[in-house]
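Trainee: The chain contents come next:
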Amino acid sequence: MVKSKHNLYIIKTNIRKRMLFIRGKIIHILAISVIILGIVSTIYVNAYKERNNNSNEIIINGNNYDISTIFTNINEIQITTDDGKKMGIPLNQIIDLLKEKCPSCFKYKIIGSDGYKQTVNWEDIEKGIFTIEKTAIFPHLAHSFWVKNIIEIEVIKI
Amino acid sequence: MKNNMRIFALIIFFGSIWGFSEIFLGSFLADQELPYDIIMTGFFAMIFLTISRIMYNQKGMQIGIGITAGALKYFNPFVGCNVCSAIAIMAEGLLFELIWNYFINYDISKFKSLKIKISFGIFISYSVYILGYMTTQILTPLIYSNFYIENLISFMPQIFSKGLYAGIIGGLSIPIAFSLSNIKLSFKDKIYYPTTIGISSICWIIVIVNWYIFIS
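Chains A and B are the protein sequences, given in the same order.
Those letters in the first sequence? Residues 1 to 158, by my numbering.
Those letters in the second sequence? Residues 1001 to 1216, by my numbering.
Think of the hints as simulated: they come from the structure by calculation, not from any bench.
There may be inaccurate statements among the hints.
[Stated by the list, open to error] Below, in silico cross-link-like pairs of lysine-lysine (BS3-like), each with a Cα-Cα straight-line distance of 25 Å or less:
1) A:157 / A:101
2) A:101 / A:127
3) A:117 / A:134
4) A:86 / A:109
5) A:157 / A:107
6) A:25 / B:1115
7) A:25 / B:1117
8) B:1112 / A:12
9) A:25 / B:1112
[As the list claims (entries may be wrong)] Listing some non-contacts, in silico: residues in chain A with all C-beta distances to chain B over 10 Å:
10) 6
11) 14
12) 56
13) 72
14) 85
15) 89
16) 93
17) 100
18) 104
19) 126
20) 127
21) 131
22) 132
23) 135
Beta carbons are placed, not taken as given, at the ideal position from N, Cα and C, and that holds for glycine.
Please model the complete structure; the sequences and the hints are all you need to start from.
Mentor: Printed below as a string of structure tokens:
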């Protein structure tokens, strides 16, 4: 009886040691995996940014618009945000360039040069501005909606 | 009961210090145009969470610390998106707890070699950072309007890329936290409660007064 208890203890200890060894190996494999994932993603992100960063144009619903021309034709306004006062042109006036009869019938996906995207409604567009640094600012929304270095605005039918 | 009170006081203590450092140090780092979110998660969050877990080995403690720090961060007047950062910190506490419970909870004494501490640091810091980031990207749009999964998917490479730096910092900070947690500290109740509650209160008072001044 005592011997069998002792054997059971040895078996349990061996299993425990084996489990610890396996878990130790798993941790090393996971660490290497996340490093590889991080490196591959960094290479991809830099290549993506390189491709999109230098444009002085913005694509709105598939049409290219020159940003300096937009700023010449539309007057800038100042808005107050929780991050201080910001200058820019009203986003709704940029969308008006499309001459859409029912702008509130669409959603607007704003895309940054790094692949960051946010989708907003017409009510949000009406309150937002587009700055000379190509950033969309929405004073009533969280900063995660503020898209930097915008390259495109997609118009999506609701 | 007495032990529960001690743990509760510690949760408030560690959470307050973490939240306080997020607000003041995080804002300072942001002003210097440094990647403050990566540094704060990879270094400070990992140090506070690991030390508190090793020293007191209490399940659920890190969730409480995350909630306390997130609640304090909500009163940050320096960063615009209070909701996002509060959600991110709370999620980080929860994710740390889950990963720690799976990998280490069985026996912490087996984490002896530096190699395994570094590997674990890289993995936990990377995972906590990217999953916390994703949680914020999901919950914040849900609070304000709608969440669109395609927006998150297209931004995933960026999140995975940023996580690399958090992972590398975590590979350094976790072994440091393991070393620091070897320091044996014991306080009598007479000193213990006034110290933990006092420091926590100071953190909260400074943050709320600062927030009030900034807002008004």
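Trainee: Confirm or reject each hint.
Mentor: Hints, one by one, checked against the model:
{"no.": "1", "hint": "A:157 / A:101", "in the structure": "holds, 13 Å"}
{"no.": "2", "hint": "A:101 / A:127", "in the structure": "holds, 19 Å"}
{"no.": "3", "hint": "A:117 / A:134", "in the structure": "holds, 14 Å"}
{"no.": "4", "hint": "A:86 / A:109", "in the structure": "holds, 22 Å"}
{"no.": "5", "hint": "A:157 / A:107", "in the structure": "holds, 6 Å"}
{"no.": "6", "hint": "A:25 / B:1115", "in the structure": "holds, 11 Å"}
{"no.": "7", "hint": "A:25 / B:1117", "in the structure": "holds, 12 Å"}
{"no.": "8", "hint": "B:1112 / A:12", "in the structure": "holds, 21 Å"}
{"no.": "9", "hint": "A:25 / B:1112", "in the structure": "holds, 14 Å"}
{"no.": "10", "hint": "6", "in the structure": "holds, 22 Å"}
{"no.": "11", "hint": "14", "in the structure": "holds, 15 Å"}
{"no.": "12", "hint": "56", "in the structure": "holds, 23 Å"}
{"no.": "13", "hint": "72", "in the structure": "holds, 30 Å"}
{"no.": "14", "hint": "85", "in the structure": "holds, 13 Å"}
{"no.": "15", "hint": "89", "in the structure": "holds, 21 Å"}
{"no.": "16", "hint": "93", "in the structure": "holds, 22 Å"}
{"no.": "17", "hint": "100", "in the structure": "holds, 20 Å"}
{"no.": "18", "hint": "104", "in the structure": "holds, 14 Å"}
{"no.": "19", "hint": "126", "in the structure": "holds, 14 Å"}
{"no.": "20", "hint": "127", "in the structure": "holds, 12 Å"}
{"no.": "21", "hint": "131", "in the structure": "holds, 15 Å"}
{"no.": "22", "hint": "132", "in the structure": "holds, 19 Å"}
{"no.": "23", "hint": "135", "in the structure": "holds, 13 Å"}
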